[in-house]
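> One letter stands for each residue in the lines below.
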Amino acid sequence: MTSAAAANSPVDGILATASIVLSLLVAAWALVAAVRHRPPDRVQFVGLAVLELALLALTVLALVAVGGGDRPGEPGAFFGYLVTLVCMPPLAWVLARMEPTRWGSAIVCAVCLVAPVVVVRLQQTWEVLGG
Amino acid sequence: MVETRPARRTTNTGPGRLLIAVYLLFAIAATSRAGLQIATRFDEAPVAYLLSALAALIYIVAAVGLARAGHTGRRVALACCSLELVGVIAVGVLSLADPELFPDETVWSQFGSGYGYIPLVLPVLGLFWLWRTRRDPA
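Here the protein sequences line up with chains A and B, keeping their order.
If you count the first sequence from 1, you need to add 114 to reach the working numbering.
If you count the second sequence from 1, you need to add 202 to reach the working numbering.
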């Protein structure tokens with residue numbers, strides 16, 4: 115497990131790609147809802163839940179790699195992004211529940227647009243830049 | 203315009219809730235980053251890390267101010283957004299003019315380029331939102 119993790123970045127695989135795609139799909143769905151003045155629907159909440167599961171799995175992969183002796187290139191930024199990433203779907207969930215208007219959908223859309231960026235930043239801060 | 207007015211009086215509903223969401227996001231991002239950096243390698247760049255912690259604190263207080271709404275909440279949010287705008291511009295200029303001041307990046311370095319320049323846009327949106335929801339004098 116250690117050698118496999120050492121060869122590849124733990125946050126740069128099928129799971130990361132799936133998280134990005136899922137997040138963008140939920141964002142698109144929420145955007146349509148926001149534009150149509152619709153409050154967050156079941157699809158958005160289920161999407162957030164599945165996204166959170168994927169991100170938690172991604173976190174476990176990263177922690178396993180760290181436990182196996184690997185280190186991210188920029189640890190401070192990497193773990194900062196990781197903590198932020200895991201908090202994002204629950205944050206969107208809670209605020210969207212509080213806001214049963216089009217703006218609730220806008221919150222889900224915004225968070226799901228930012229999440230892929232954070233995943234990419236995770237990948238960038240894992241790789242050792244000039245180290 | 204007329205029918206939306208009553209709803210627009212408060213900072214913590216509608217678009218305001220979206221703004222609070224982004225503020226909370228940045229509060230989490232800056233807090234976790236600053237917390238980890240201060241805990242693990244404070245000696246390397248104390249100024250940068252303390253600045254990140256300050257930014258985190260401002261994001262948290264701004265979010266609370268917007269969420270609490272009311273007179274005090276608005277004042278708190280106004281102060282935070284102003285501080286934030288000054289901070290991100292000052293740090294942005296300083297980090298470009300004298301990179302040695304900040305050996306490690308902060309949330310506000312290069313005008314928040316590491317965070318998609320959202321740190322630069324956010325206080326402007328916050329101030330705009332406070333202005334939009336201001337009470338009519340009459």
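No lab work stands behind these hints, which were simulated from the structure alone.
Keep in mind that this is a model prediction, so the values were computed, not measured.
There's no promise every hint is true.
[Stated by the list, open to error] Computed, partial: chain B to chain A, Cβ under 7 Å: (1) Gly-216; (2) Leu-226; (3) Ala-231; (4) Gln-239; (5) Ala-241; (6) Val-323; (7) Arg-336.
[As the list claims (entries may be wrong)] One side only, chain A facing chain B, incomplete, derived with CB under 10 Å: (8) Asp-126; (9) Ile-128; (10) Trp-143; (11) Val-157; (12) Phe-159; (13) Phe-193; (14) Gly-194; (15) Leu-205; (16) Thr-215; (17) Ile-221; (18) Val-231.
Just so you know, even glycine gets a beta-carbon here, dropped at the ideal spot from N, CA and C.
> With 10 Å as the cut and Cβ atoms as the points, is Asp-126/A at the interface with chain B?
violated, 19 Å
> Given Leu-205/A as an interface hint, is its Cβ closer than 10 Å to any Cβ of chain B?
With a minimum Cβ separation of about 6 Å from chain B (threshold 10 Å), the hint on Leu-205/A holds.
> Taking 10 Å as the limit, does the beta-carbon of Ile-128/A come near enough to a beta-carbon in chain B?
violated, 25 Å
> Quick check on the hint: Val-323/B CB to chain A CB, less than 7 Å?
violated, 12 Å
> Could you check if Ala-241/B really has its C-beta closer than 7 Å to a C-beta on chain A?
Given a least distance of 9 Å, the restraint on Ala-241/B is violated.
> Double-check Phe-159/A for me: the hint is only fine if its C-beta lies closer than 10 Å to a C-beta in chain B.
violated, 15 Å
> Per the CB criterion, is Gly-216/B less than 7 Å away from chain A?
holds, 5 Å
> Go through the hint on Ile-221/A and say holds or violated, using the shortest Cβ distance to chain B against 10 Å.
holds, 5 Å
> At a threshold of 10 Å, is the proposed contact between Val-231/A and chain B supported by beta-carbon distances?
Hint on Val-231/A: holds, closest Cβ of chain B at ~6 Å, below 10 Å.
> Would the hint on Leu-226/B be counted as holding, given a Cβ-Cβ threshold of 7 Å to chain A?
Interface hint status for Leu-226/B: holds (6 Å vs cutoff 7 Å).
> Does Arg-336/B meet its interface restraint, that is, does its C-beta lie within less than 7 Å of any C-beta in chain A?
violated, 19 Å
> Just to be careful: measuring from the Cβ of Ala-231/B to every Cβ in chain A, is the smallest value less than 7 Å?
Constraint on Ala-231/B satisfied, holds at 4 Å.
Going through the hint list in order, the structure does not satisfy hints 5, 6, 7, 8, 9, 10, 11, 12.
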